[in-house]
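A.B. asks: Residue numbers (this note's numbering), protein chains in the order written: chain B, 1 to 468; chain V, 1 to 468.
Treat the hints as calculated values from the structure; they're not laboratory data. Fair warning: there could be bad hints in the mix.
Unchecked claim - Looking from chain V toward chain B, a few residues come up when the C-beta cut is under 10 Å (computed):
no.	residue
1	Cys44
2	Ser78
3	Gln423
4	Leu468
As the list claims (entries may be wrong) - Straight-line Cα separation of at most 25 Å, DSS-like style, residue types lysine-lysine; simulated pairs:
no.	chain 1	residue 1	chain 2	residue 2
5	B	Lys386	B	Lys337
6	B	Lys399	V	Lys424
7	V	Lys159	V	Lys30
8	B	Lys356	B	Lys424
9	B	Lys337	V	Lys206
10	B	Lys356	B	Lys226
11	B	Lys424	V	Lys424
12	V	Lys386	V	Lys424
13	B	Lys356	B	Lys311
14	B	Lys424	V	Lys337
15	B	Lys386	B	Lys226
16	B	Lys424	V	Lys311
17	B	Lys337	V	Lys458
18	B	Lys206	B	Lys226
19	V	Lys399	B	Lys337
20	V	Lys337	B	Lys399
21	V	Lys337	B	Lys458
22	B	Lys424	B	Lys311
23	V	Lys399	V	Lys337
24	B	Lys30	V	Lys458
25	B	Lys424	B	Lys458
26	V	Lys206	V	Lys311
27	V	Lys395	V	Lys311
28	V	Lys356	V	Lys337
29	B	Lys337	B	Lys120
30	B	Lys206	B	Lys386
31	V	Lys30	B	Lys458
32	B	Lys159	B	Lys120
33	V	Lys258	V	Lys226
Every residue, glycine too, gets a C-beta built ideally from N, C-alpha and C.
Protein chains: 2
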Amino acid sequence: MSEVREVEVAIIGAGTAGLTAMGMVRRHTKNFVLINGGSLGTTCARVGCMPSKALIQVAEDFHRRHLFERFGIGGMESLSIDVSEGMEHVRELRDTFVDRVISNSTDTLEEGQFIEGYAKFLAPTLLEVNGAQIRAHKVIIATGSRPVMPQAWLALRDKIMTTDEFFEQADFPPRMAVIGLGVIGLEIGQSLKRMSVEVTGFDQLKTIGGLQDPVASQVAIEIMSKEFPLYLGQAAQITQEGEQLRVTSGEHSVLVDKVLASLGRRPNVANLGLDNLGAPLDARGVPVYHPNTLQIADLPVFIAGDVTGDKAILHEAGHEARIAAYNALHDTVMAFKRKTPLAITFCDPNIAMVGKAWNELDQSRLAIGEMPLGPVGRALIMGKNKGILRVYGDKQTGKILGAVLMGPKGENLAHLLAWAIEQKLTVFNLLAMPYYHPVLEEALQAALYNLMSQVEIKPSLPVELQPL
Amino acid sequence: MSEVREVEVAIIGAGTAGLTAMGMVRRHTKNFVLINGGSLGTTCARVGCMPSKALIQVAEDFHRRHLFERFGIGGMESLSIDVSEGMEHVRELRDTFVDRVISNSTDTLEEGQFIEGYAKFLAPTLLEVNGAQIRAHKVIIATGSRPVMPQAWLALRDKIMTTDEFFEQADFPPRMAVIGLGVIGLEIGQSLKRMSVEVTGFDQLKTIGGLQDPVASQVAIEIMSKEFPLYLGQAAQITQEGEQLRVTSGEHSVLVDKVLASLGRRPNVANLGLDNLGAPLDARGVPVYHPNTLQIADLPVFIAGDVTGDKAILHEAGHEARIAAYNALHDTVMAFKRKTPLAITFCDPNIAMVGKAWNELDQSRLAIGEMPLGPVGRALIMGKNKGILRVYGDKQTGKILGAVLMGPKGENLAHLLAWAIEQKLTVFNLLAMPYYHPVLEEALQAALYNLMSQVEIKPSLPVELQPL
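Chain B on its own, in the form it takes in the complex:
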C-alpha cells in the first residue's frame, strides 16, 4: 500500500467556490490540493450565468425590432434570426469566459496541487482519490450541483435537455416546452421565444421566478404570459408521441419537439462518502453545517457553494468559500455575517428579490411602498414600462426590510436596495439621497415615497432636507 500524502488543506471541487477557497488558501500555504472530477470551468461560466446572459442579449436585441416602427426605423420585417449563428456566438463568449477561469486558476498550479479525479471521504480527514489516499488537516467540500432530472424522464433523455446540454445545441426545433419556471426557465424560455421558437412553459407551482409576494407574482405571470403561454399549478407529465413529446399539465397538453427541464439543481453529494464524516446529513444527503462558519458539525471539514443546496448563486458561493477558507486556515472557527439576500432573474423585465422574502416578513409591522412601472418616464422612453416595484419597510421605524422588483434595470435597483439593507438604512435615509433625472432610480424613489406615507414615525423636517 502506497504512502498517505499529507496536506494542510484539501479542496474538493474546482468550481467557483473551490477556486475562490483555493485563492485564499494558496496565499497561506503551498501544501494544499485541489481535486476536481469532471469538466473544468465553473458552472457559472460553462452552463450558467454567463452563457445565459449572452443568449438573453441576442434575444433582446432581436426583440427590440418591435419598437422600430414607433422609432422611425424601417425594414424590421427584413430581420431574421439564424439561431445556430446566435448559439455559435453564445458559445464563443462562453469559451472566452471558461478559458479565462481556467487560465487564472488551475493552469497556475504547481505539480501535485491539482488532481483530476473524484474524491471520497474514508474518514473526516482522510480522502481517497484515484486509488491514492490523502490525509488533509482541513477539508473544504465544494462539489457544486447538477440539474434535477426526474427518473421517469430518463427514457426520453435524448429529447429532454437541461442546461448541461442546452448551450451545446446547434439549433432548436420549432416547438419546445420549458418545464420549471424559476430563474433558468424564465430566462431561457423567454429568449427561445424571442428567437422564434414556439415555447410553452410549465411549473407545478402557482407562481414563477420564485416569487412569493402575491402582487408581484400576479404581475409577473401577466407579463410573462404575454411572452409565451404558461401552465401553472400542476406537475407536468411527458409522454412520447411518435417523434414528438406530449407535455401534459392537468387539462392542458401540448405537443413539442424537445423539452428543457429547468427544475432546479441538486447538490453533488453522491459518491463523496459523506457517511464517513460521522456527521448528520439532511434529507438530500448534505451534511448539516453552520451557515456562519460553514463548518460541518465540529469537524475540520467545511462546505461552500452550490453543494450546500442553499443559495446556489455565484456571489454567495464566493462568499461561502471565503468563510470556509478563512476557517480552514485558522485554529479557531469564526462566525461571519451572511450577505443580504439578493436574487436576480435576468428576464425582461428583470425580476429581483432583495432582503427578507415575503414569507419571512412580520405582516403586523409591514408597510409596502409600491410603484408600477407604467407611468415611469424613462421606462416609457425605453419602451419597457412594464412591471412593479414593492419595497418592504417596518411600519413603525421605516427601516428597509426587503423588496421585490419587476422592471427594467431591476438588476441595478436591486443593488442599491441590497446595499441599503446591508447598512440598515430607513426609508428616510434613502429619500435624502440624490436621484438623477430621468433614471429608473426615480421609480424606486416613488416607491419609497409611497412607503414613507405609511410609516408611523414622521421626520419633523421634509425628508429630502438634512440640516447642515
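Place chain V on chain B using the hints.
C.D. replies: Frame of chain B; chain V shown alone:
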C-alpha cells in the same frame, strides 16, 4: 393707482424649481402667487432631459444593428431611419411629459394663484407684473436659464439652433456641426450621427463632457472620436458660405448645413430688476446667495434652480427649491446639506462624475482605483465593453471621495457611488457589499479592489468578511 396685492410668498418662474417650491408652499398657505413669463412646462420636459433621452433611445436602437451580424441576426442592411418619424416620436413623448407637468401643477391652481407675465423687482419684497404691484413677504426667484448664443452668430441664427429649437426640427440636413461638447453636445451629437447625420464636433476646451480627470478625459475623447470627428482646444468660428456655414477651429474647417450651438446655459436674470434688491450681483448678474440656505444676502428673498448659474440639473433644482421654500416658510433661516455632486451624460457609454471633482482633490492623499471596461464580462456580452471607471479614495483611510465613470450603465453605478459618498463609506465598506454576477457593478467592485490595494490602512480580516 391700483391697490397693491399682498401675498405671503411670490415664486417667480414655473419650471422645476418654481413648481417644487410651489408644491411645498401651497401646503402651508393659499395666499401665494406663481408668476411665469414664457412657455409653461419645465426646461427638463420641454427641451432638456426628457426629449434628449427619447432621441438617444431611438439612436441607440438604430445603432445596435451593427451588432446584429455577430448575434446571428440577418437583414440589418435593410434597416433605415426616417429621422422625421423619429423626431415625431420624440415630440410625442415630450408632449406627454410636458402635459403631465402642467396638469399636475399650474392647472391645479386657484384663481389668482397663477399669473402669466414677467415679474420685476421694484424693491426686495415689491414686484411688478403686467403693470400691477405685488407685495410679497417672501420671494423665491426661479426663472431658470437659457442657452448661450454668442452675439456674433445672431446674424446666422436661422441656421444655428440651440436646444430651444432642436426638438422642433422636422428633419435634419445631411451635415451638421455641434459646437460645445458638454452634456448636450455629446448626447445630441452622438445621436444625430447614429441617425445618419454627418456630424462634426467642436469645443474650445481640450476635454469633453466636462471631464477634468486627465485619464478619463483621454479615454472619452478616444471613444467619442470614433463616433464623430472632434476638434478641440480652439473656439469655433462660423462664416456663411452660400447656403452653408463654414465652421473653423484653428487649421480645421468644415462646411455644414446647420449648427447646433450647445455652449451651455446662462441664468435668466435680465429684466428682473435685480439691482433693486440692493444685494451684490456676480459677474453674470446673479445675486450672491448662500448655497446652504439659498438666501440672497439677509433679504427675505431666495433663489433656486438653473437661475443660480451653479448646478443646472433637475434634481439639484428640486433640492434647492425645497431649501428655498422651507426657508421662505419659516421665520428663522436654516442651513441644509447639499447633495453629493452627481452629473451624468447619457451618451454611449455614459459619462458620470460623482462626489469631488478632479480639481478639488487633495492629490497628496489621493488613491485611484481603476478598472477599464474592456475585459468586463457583462459589458462584453452587451457589446459595450468600452470605457473606464476611476474611483477616488483617501489613501490613508480608504474613504470614497468621488469617481469618474465612463461605461455602460454608468448612470446606475453613479447612483451606488453617490449614495455611498452621502454615507461617508470607505472602500472597505463597499467591498463587503453583495455584488451579483454577471453585472456591471462587478466592474465597480474591481475598481474598488484596485483602490483598496493602494490604501495604507488594511483591515485585519479579508475585506469581504464581517464578523457576526
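A.B. asks: Has the given pair, Lys356/B with Lys226/B, been kept, meaning a C-alpha gap of at most 25 Å?
C.D. replies: violated (29 Å)
A.B. asks: For the pair we were handed, Lys337/V and Lys458/B, check the Cα-Cα distance against 25 Å.
C.D. replies: Satisfied, since the Cα-Cα distance of roughly 20 Å is no more than 25 Å.
A.B. asks: Tell me if the straight-line CA distance from Lys424/B to Lys458/B falls inside 25 Å.
C.D. replies: Since the Cα atoms of Lys424/B and Lys458/B sit roughly 18 Å apart, the hinted pair holds (cutoff 25 Å).
A.B. asks: Straight-line Cα separation of Lys356/B and Lys424/B no greater than 25 Å?
C.D. replies: With Cα atoms ~12 Å apart, Lys356/B and Lys424/B stay inside 25 Å; holds.
A.B. asks: Does Lys458/V sit within 25 Å of Lys30/B, going by the straight-line distance between their CA atoms?
C.D. replies: holds (24 Å)
A.B. asks: When you check the alpha-carbon spacing of Lys206/B and Lys386/B, does it fall within 25 Å?
C.D. replies: holds (21 Å)
A.B. asks: Straight-line Cα separation of Lys356/B and Lys311/B no greater than 25 Å?
C.D. replies: Within the cut-off at roughly 14 Å; holds.
A.B. asks: Under the criterion that the straight-line Cα-Cα distance not exceed 25 Å, is the pair Lys258/V, Lys226/V satisfied?
C.D. replies: holds (22 Å)
A.B. asks: Need the status of pair Lys337/B, Lys120/B: alpha-carbon distance at most 25 Å?
C.D. replies: violated (30 Å)
A.B. asks: Between Lys424/B and Lys311/V, is the straight-line Cα distance small enough, at 25 Å or below?
C.D. replies: Violated, at about 31 Å.
A.B. asks: Does Lys311/V sit within 25 Å of Lys206/V, going by the straight-line distance between their CA atoms?
C.D. replies: holds (22 Å)
A.B. asks: Hey, Lys424/B versus Lys311/B, does the alpha-carbon distance stay inside 25 Å?
C.D. replies: Roughly 22 Å between the alpha carbons, so the hint for Lys424/B and Lys311/B holds.
In this structure, the hints that do not hold are numbers 5, 7, 9, 10, 12, 16, 27, 29 and 32, in rising order.
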